[in-house]
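Produce the entire structure from the sequences given, and follow the hints as far as they go.
Number of protein chains: 2
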Amino acid sequence: MSFPRVGVIGAGQLARMMAVPANDLGIDFKVFAAIPNDSAAQVTHFVLGDYTDVNSVLAFAKNCDVLTFEHELVPQSVIKAVEAAGIKVYPKSESFTFSQDKLEMRKKVTELGLPNPNWQKYQGGKSEINFPLIAKLPAGGYDGRGVYVINSEEELIELHKKMGTLLLEEKLNFDYEISVMVARSPHNQAATWPATLTVQSNGICTSTITPVPDISEALSEKTQVAALEIAAGISLVGVMAVEMFIIGENFYINELALRPHNSGHWSIEGSLTSQFEQHLRAILDLPLGDTAMRNKFAVMGNVLGGPKSDMYRPYLHLMARTPGLKFHQYGKEVKPGRKIGHVTMCGENLLQLREEVAHAVDYMNGVIDE
Amino acid sequence: MSFPRVGVIGAGQLARMMAVPANDLGIDFKVFAAIPNDSAAQVTHFVLGDYTDVNSVLAFAKNCDVLTFEHELVPQSVIKAVEAAGIKVYPKSESFTFSQDKLEMRKKVTELGLPNPNWQKYQGGKSEINFPLIAKLPAGGYDGRGVYVINSEEELIELHKKMGTLLLEEKLNFDYEISVMVARSPHNQAATWPATLTVQSNGICTSTITPVPDISEALSEKTQVAALEIAAGISLVGVMAVEMFIIGENFYINELALRPHNSGHWSIEGSLTSQFEQHLRAILDLPLGDTAMRNKFAVMGNVLGGPKSDMYRPYLHLMARTPGLKFHQYGKEVKPGRKIGHVTMCGENLLQLREEVAHAVDYMNGVIDE
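Chains as they are written, first to last, in the UniProt record's numbering: chain A, 1 to 370; chain B, 1 to 370.
Honestly, the hints are just simulated from the structure, not real lab data.
Copies of the same chain are indistinguishable here, so a pair counts whether it falls within one copy or spans any two.
With a straight-line cut-off of 20 Å between C-alpha atoms, the simulated DMTMM-like cross-links for lysine to aspartate or glutamate are:
hint	residue 1	residue 2
1	62	50
2	335	369
3	296	269
4	296	348
5	296	214
6	126	153
On a predicted model such as this, the values are computed, not experimentally measured, just so you know.
What follows is the structure in structure tokens.
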């Protein structure tokens, strides 16, 4: 048997969901977990270790044909050590930079001639961007962490004193936010899925609709072409989410995430090829799968921790009410605001899909009782 | 967290595929395997043991809220011991009889007023059924094993001497064979999927088409009603395949399998709720899922072991040729004629689906080289 061995650094829900197509494809799959109770370790084979420790990661990597990541926190030095040992790591360290460092990402998008919001690297002094503006830590932030709305020079100077170098961006009055998932293989084969509307609340994505309702065909195509250009421009191998702001018929690149992404979860049920299967195909340099949608619409809702600690009991009501709803539990302890699972529903009637998904999410996290 | 613990006796491909919805639903899932290299044990948590040993099974069952099976080989005495210990086991021993003992099944179908082929219990002497006839061992046979075409009294007497009591059935000149998958819960909620055409070769199912092409609406409904009647008649909890022969507008019950079944594999991609998820919902007494099809047609092809020992290399050609094809590997060593995986494709164009699935299967098992 010549099935390759794939190792994933990180054992959260993304690795957990990647285990499914890995098993279907017969791939030898294991995750590098911090503790046995990590989301993916609960359901698949794992090795315990610390992803910041070069030697532990190298020992894990030596039993893999390809290594990949499910989060942005792995130090560049660790990735480069694995590359130096002659083991395939995707995304490559040179690509990963654009996910880890938002200043590098802004430079690259500018270099590719794609639309950024106005931005600057800030190391003190007067800002070139008008207030209110967005200040970001160049590294380490996600789900709204490390992102600040700054209303005055005083606030900016204070933040800089605390945090050091910042990325400043103009605060766009956007109409809505979208994400375009894209996959690319070492053979340079690339594929996108239709753009996804991401509905945010306090910087956290609460639900998605695919494809973006009412987007013009021209704009939809432009955003997919941009995602493909960025993928090629950073030599991506694997899948990537390209988050964008939309104003009228214009788009602006917001963030890159070089991994399967929350905005692509709909693809498990909604697409012929899920982002997780596509990521595996890409890093193994297999031909990419068909990204066509199975239904007209796919709606995904994130289940965030709320007052209910029991996520099983809601099944009785929700499965009886909505027999077509699909549940994904991450096996995580319920904490307020934490992403502990998601639900997806696909079909033709967008209004109904949105209602059922919103109801399920509200019922699971305790906003409503019936 | 109140997620239930489900244990499966057996760790073949059915348990392997059941692990996916178990993880999605957040259920604590483990399999009782013979060896660590069993198909399901390769990809999920397992306990090693012998399913014919009451004490081992009881020790496993005591850490489960519900126990289930993925094959018919577990002795009734073992199932009854688990029931006597107060642990939920589905299907129940009283239902399981009809899967394990083909004579009991024939009696029950007759009692329910549903159409059997002519049959008799044979313990020697003259047969009431005309030759050629089908002789079956009452227990233990599947995939054509334990099934004999008998052309004369001499052959019959010889088989009886060797094998003991037989079930004799008239050899029907059927037009085609179908399977109706049905699920039923302790709450008596039941659901069927559309009937599936099963294409057989030497007693082994090689491919399926769902729904059965060109079947009349009336016949399709009658077969689904019959499956529901049998499910209720044997107090089924879980999913069951009801295999039937079709002659014109008439159907005849062929076999029952009280578990997820090869003829239901199409439902993983083809239905809103797969047979594996539905089995879990049923045994946990959760509301059943929507069994609607995602596409007009779903075609499944079994990959049988052939001259090629490497099942990974074919991906390069097949994924490039057919980007919408879905692969399922069971992690089994390739042996001639052994079911080592399956492929599925869903869509609107039945001719194209059949061609692509047949090509993939032939390419994987080495019948064709390009």
